[in-house]
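Let the hints inform the model, and build the full structure from the sequences given.
Chains Z and V supply the protein sequences, listed in that same order.
1 is the number of the first residue of the first sequence in my numbering; add one for each residue after it.
225 is the number of the first residue of the second sequence in my numbering; add one for each residue after it.
Source of the hints: derived by calculation from the structure; they are not laboratory data.
Keep in mind it's a predicted model, so treat the numbers as computed, not measured.
Even glycine gets a Cβ: it sits at the ideal position worked out from N, Cα and C.
Possibly wrong hints are sitting among the right ones.
A few chain Z residues that don't get close to chain V, going by computed Cβ distances all over 12 Å [to be verified]: (1) GLU16; (2) GLY80; (3) ILE103; (4) SER169; (5) PRO193.
To spell it out: a stretch of chain V is covered by chain Z in this simulated footprint if at least three of its residues, at any positions, have a beta carbon under 8 Å from a beta carbon of chain Z; those stretches are [to be verified]: (6) 331-342; (7) 368-380; (8) 383-393; (9) 447-455.
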Amino acid sequence: MSQILVEERSVIIPGEVLAEGMDYLPGDNTYRENDKIYSKVLGLASVSGRVLKITALAGPYVPKVEDKIICQVTDILMSGWRVNTNTAYSAVLNVKDATQRYIKKEEDLSKILAIGDYVVVKITQVTSQNLIDVTMKLPGLRKIEGGRIIKINCQKVPRVIGKKASMISLIKEKTGCDITVGQNGLIWIKGNPEGEFKAEQAIKMIEEKSHYEGLTVKVEEFLS
Amino acid sequence: MVYSERLDGRKIDELRPMEAKVGVVPSADGSASFKTGKTWAIAAIRGPRELFPRFLQNPKKGLLRCHYNMMPFSGSGERIRPGSSRRAQEISMVIMNALEPVVDLSAFPNAVVDVFVDLPQTDAGTRCAAITAAAMALAHAGIPMKDMISSVAVGQVDGTVLADLTYNEEAYDAIVSDIPVAVLHNSKEISLLQMDGEISKDDLIKALELAQTVSEKVYDVQIKALKDYYAKEEKQ
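Right, dumping it as structure tokens:
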């Protein structure tokens, strides 16, 4: 007889038994040993049909294709740049993914992007060894000029953006700043100095109080 | 004379009062503090991050690296010289070997997860407290783990098998042995087993059985600390 031993959306510790019997299937962040399914990370349990999975509550940013991230150029390669993704793995931005213009072979790449520059890029490819390719050729992707970059915990990014981007548009509207949120936890804020400062404080507040209910109201109070 | 009454009045299978907390180091990726009596360990996790020197990188899985450090005035005797020592290096390695069977770093090739354990105050059983704190901190950092790991010392003082020895008991003027043990919760496998002193075969078997039962108490404290941390977050 198979049965689930945990409640939906309860906090699960690594190694905790989720279900007994062969009727259930191990999903994300779980594994089966003999007839039991165990959790592999700290997170919230969720059951969908016969599949049991764990939504991680903590952990590093895992690069995914199509994610928009903010990176810093750390090195110039033969035909591209190495960028720091704020994870354990650096990414490569190829010349052909960086500009529309034809780049001659002997051209100095540091004229286009220098070491230390920040860029908004999208991930195009991730391999099993976590080699990452990024592109800067899609709309909204570019080199960052002016403003400030702040770093937050990547798990809090969805809260900073909010449902249907409600939170981030609220901050943009109230402070008059341009804000770009990278999935890797880097955020670019550009506007007038007071607005930038206010936006930074608001984002830090969201990061700290991400688990509070009615956070949008609190942020609105803070900004007005 | 038989050692029938313990120096601090505990029962033979009673552990010192334990206290655990998660998320004590804000700048780390995961952290935990674990106190048992006067022994206090703080563990902080950094990573997964790029691993240097490069020859240590393993393209098949990430590396777990441990750093054990007793603070200068943490002991009961003289000031401990800061920095690494032969003893600290050995215990770092022992902690790494104890944690390795549960930590799954196959998703982080070429990277490293650093575990830093600092002990502000010590009264025997430091490597056990370090492993217990490190296991909680790893879970808090979101590192994939197959199982939870709890550690406790058992031993024998003048013929009596005991759990969780203090420094005074380790230094008791008789035949004494001190056996730090780390136990995986689900499989009950032992990933750390060391011994100092002398013990008979029968007593050793008895001591290891005792370790299995008392490590459950440590596990309960660990679980409670981790669950409370998130329960508190959800309520507000």
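Okay, the hints, checked on the actual structure:
1. GLU16: Z/GLU16 is in fact no farther than 12 Å from some Cβ atom of chain V, at 8 Å.
2. GLY80: holds (19 Å)
3. ILE103: Holds, since 29 Å exceeds 12 Å.
4. SER169: holds (25 Å)
5. PRO193: holds (27 Å)
6. 331-342: Coverage by chain Z holds here, the residue count being 6 at a Cβ distance below 8 Å.
7. 368-380: holds (count 5)
8. 383-393: Not satisfied, violated; 0 residues make the cut.
9. 447-455: Since 5 is at least three, the answer is holds.
Hints 1, 8 from the earlier list are contradicted by this structure; the remaining hints agree with it.
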